[in-house]
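Quick note, the sequence shown lines up with residues 1280 to 1453 if you use our numbering.
Simulated from the structure, these hints should not be mistaken for laboratory data.
Glycine included, every Cβ here is placed at the ideal spot set by N, Cα and C.
You may find that some hints are simply not true.
Unchecked claim - The calculated lysine to any residue pairs, modelled on SDA-like cross-linking and capped at a C-alpha distance of 25 Å, are: (1) Lys-1297 <-> Ala-1411; (2) Lys-1410 <-> Ala-1341; (3) Lys-1297 <-> Tyr-1355; (4) Lys-1303 <-> Tyr-1355; (5) Lys-1401 <-> Glu-1436; (6) Lys-1444 <-> Asn-1281; (7) Lys-1415 <-> Ala-1433; (8) Lys-1333 <-> Gly-1321; (9) Lys-1444 <-> Ala-1341; (10) Lys-1367 <-> Ile-1418; (11) Lys-1303 <-> Gly-1319; (12) Lys-1303 <-> Met-1280; (13) Lys-1303 <-> Glu-1405; (14) Lys-1367 <-> Lys-1333; (15) Lys-1333 <-> Thr-1308; (16) Lys-1401 <-> Thr-1371; (17) Lys-1410 <-> Tyr-1449; (18) Lys-1345 <-> Met-1280; (19) Lys-1345 <-> Ile-1327; (20) Lys-1401 <-> Gly-1420; (21) Lys-1410 <-> Lys-1297; (22) Lys-1285 <-> Asp-1307; (23) Lys-1345 <-> Asp-1332; (24) Lys-1297 <-> Tyr-1374; (25) Lys-1333 <-> Glu-1405; (26) Lys-1297 <-> Pro-1438; (27) Lys-1441 <-> Trp-1396; (28) Lys-1333 <-> Glu-1408; (29) Lys-1303 <-> Lys-1367; (30) Lys-1367 <-> Gly-1420; (31) Lys-1401 <-> Ala-1411; (32) Lys-1441 <-> Glu-1289; (33) Lys-1414 <-> Ile-1327; (34) Lys-1303 <-> Lys-1444.
What the hints assert, rightly or not - Pair ranges (Cβ atoms, derived): (35) Val-1451 <-> Gly-1348: 42 to 50 Å; (36) Trp-1416 <-> Tyr-1449: 40 to 48 Å; (37) Lys-1285 <-> Pro-1370: 19 to 27 Å; (38) His-1398 <-> Asp-1337: 33 to 41 Å; (39) Pro-1370 <-> Ala-1341: 30 to 38 Å; (40) Ala-1440 <-> Gly-1348: 41 to 49 Å.
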Amino acid sequence: MNEVIKNMEERRSVRGYKPDMIRKEDLDTIIEAGTYAATGMGMQSPIIVAVTDKATRDQLSAMNAKIMGTDTDPFYGAPVVLIVLADKTRPTYLYDGSLVMGNLMNAAHSLGIGSCWIHRAKEEFESEEGKALLKKWGIEGDYEGIGHCVLGYAAAELPAAKPRKENYVYYVEA
1280 MNEVIKNMEE RRSVRGYKPD MIRKEDLDTI IEAGTYAATG MGMQSPIIVA
1330 VTDKATRDQL SAMNAKIMGT DTDPFYGAPV VLIVLADKTR PTYLYDGSLV
1380 MGNLMNAAHS LGIGSCWIHR AKEEFESEEG KALLKKWGIE GDYEGIGHCV
1430 LGYAAAELPA AKPRKENYVY YVEA
């Protein structure tokens, strides 16, 4: 079986992480894969913010939890958060950012690193606190939060894949 396809079939969302930081080389490889996601007209509307600072990671977790209405860690203890934002002036920004998220998660899995797409980035970065963070980080423009790709080493074995649903694919053939 093709290794790329095998990697996509075996990737799972991880919802429990060891506290160990991932290697910088692996993080850089994952981020680079994200930058090669397809984008509308090749305009590269997304940006990636890599957060490895624990205080900032914890601040983002608290913001996300508040939006979700809980006080638990929505990042499942993952030590790294990759925030994907995309330029709302591009008509394909939401799709572009989603493809970046997919590339990040597939690349992470290929390196033995767990990942999970955590939502509510849109709400986080529409808030005053989120806007202040973007400004602090030097990010200017009309960006929308697409998602958080949390990364780390899985604390448990990956679950088996659920069976694919019936009628997932329809063929229209000549």
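A quick look at each hint next to the structure:
no.	hint	result
1	Lys-1297 <-> Ala-1411	violated (30 Å)
2	Lys-1410 <-> Ala-1341	holds (15 Å)
3	Lys-1297 <-> Tyr-1355	holds (9 Å)
4	Lys-1303 <-> Tyr-1355	holds (21 Å)
5	Lys-1401 <-> Glu-1436	violated (31 Å)
6	Lys-1444 <-> Asn-1281	holds (23 Å)
7	Lys-1415 <-> Ala-1433	violated (31 Å)
8	Lys-1333 <-> Gly-1321	violated (34 Å)
9	Lys-1444 <-> Ala-1341	violated (35 Å)
10	Lys-1367 <-> Ile-1418	holds (14 Å)
11	Lys-1303 <-> Gly-1319	violated (30 Å)
12	Lys-1303 <-> Met-1280	violated (30 Å)
13	Lys-1303 <-> Glu-1405	violated (30 Å)
14	Lys-1367 <-> Lys-1333	violated (29 Å)
15	Lys-1333 <-> Thr-1308	holds (21 Å)
16	Lys-1401 <-> Thr-1371	holds (16 Å)
17	Lys-1410 <-> Tyr-1449	violated (43 Å)
18	Lys-1345 <-> Met-1280	violated (44 Å)
19	Lys-1345 <-> Ile-1327	holds (23 Å)
20	Lys-1401 <-> Gly-1420	holds (14 Å)
21	Lys-1410 <-> Lys-1297	violated (30 Å)
22	Lys-1285 <-> Asp-1307	holds (22 Å)
23	Lys-1345 <-> Asp-1332	holds (20 Å)
24	Lys-1297 <-> Tyr-1374	violated (31 Å)
25	Lys-1333 <-> Glu-1405	holds (22 Å)
26	Lys-1297 <-> Pro-1438	holds (16 Å)
27	Lys-1441 <-> Trp-1396	holds (18 Å)
28	Lys-1333 <-> Glu-1408	holds (17 Å)
29	Lys-1303 <-> Lys-1367	violated (30 Å)
30	Lys-1367 <-> Gly-1420	holds (9 Å)
31	Lys-1401 <-> Ala-1411	holds (14 Å)
32	Lys-1441 <-> Glu-1289	holds (11 Å)
33	Lys-1414 <-> Ile-1327	holds (15 Å)
34	Lys-1303 <-> Lys-1444	violated (38 Å)
35	Val-1451 <-> Gly-1348: 42 to 50 Å	holds (43 Å)
36	Trp-1416 <-> Tyr-1449: 40 to 48 Å	holds (44 Å)
37	Lys-1285 <-> Pro-1370: 19 to 27 Å	violated (34 Å)
38	His-1398 <-> Asp-1337: 33 to 41 Å	violated (18 Å)
39	Pro-1370 <-> Ala-1341: 30 to 38 Å	holds (33 Å)
40	Ala-1440 <-> Gly-1348: 41 to 49 Å	violated (30 Å)
Of the numbered hints given earlier, the model fails hints 1, 5, 7, 8, 9, 11, 12, 13, 14, 17, 18, 21, 24, 29, 34, 37, 38 and 40; all others are met.
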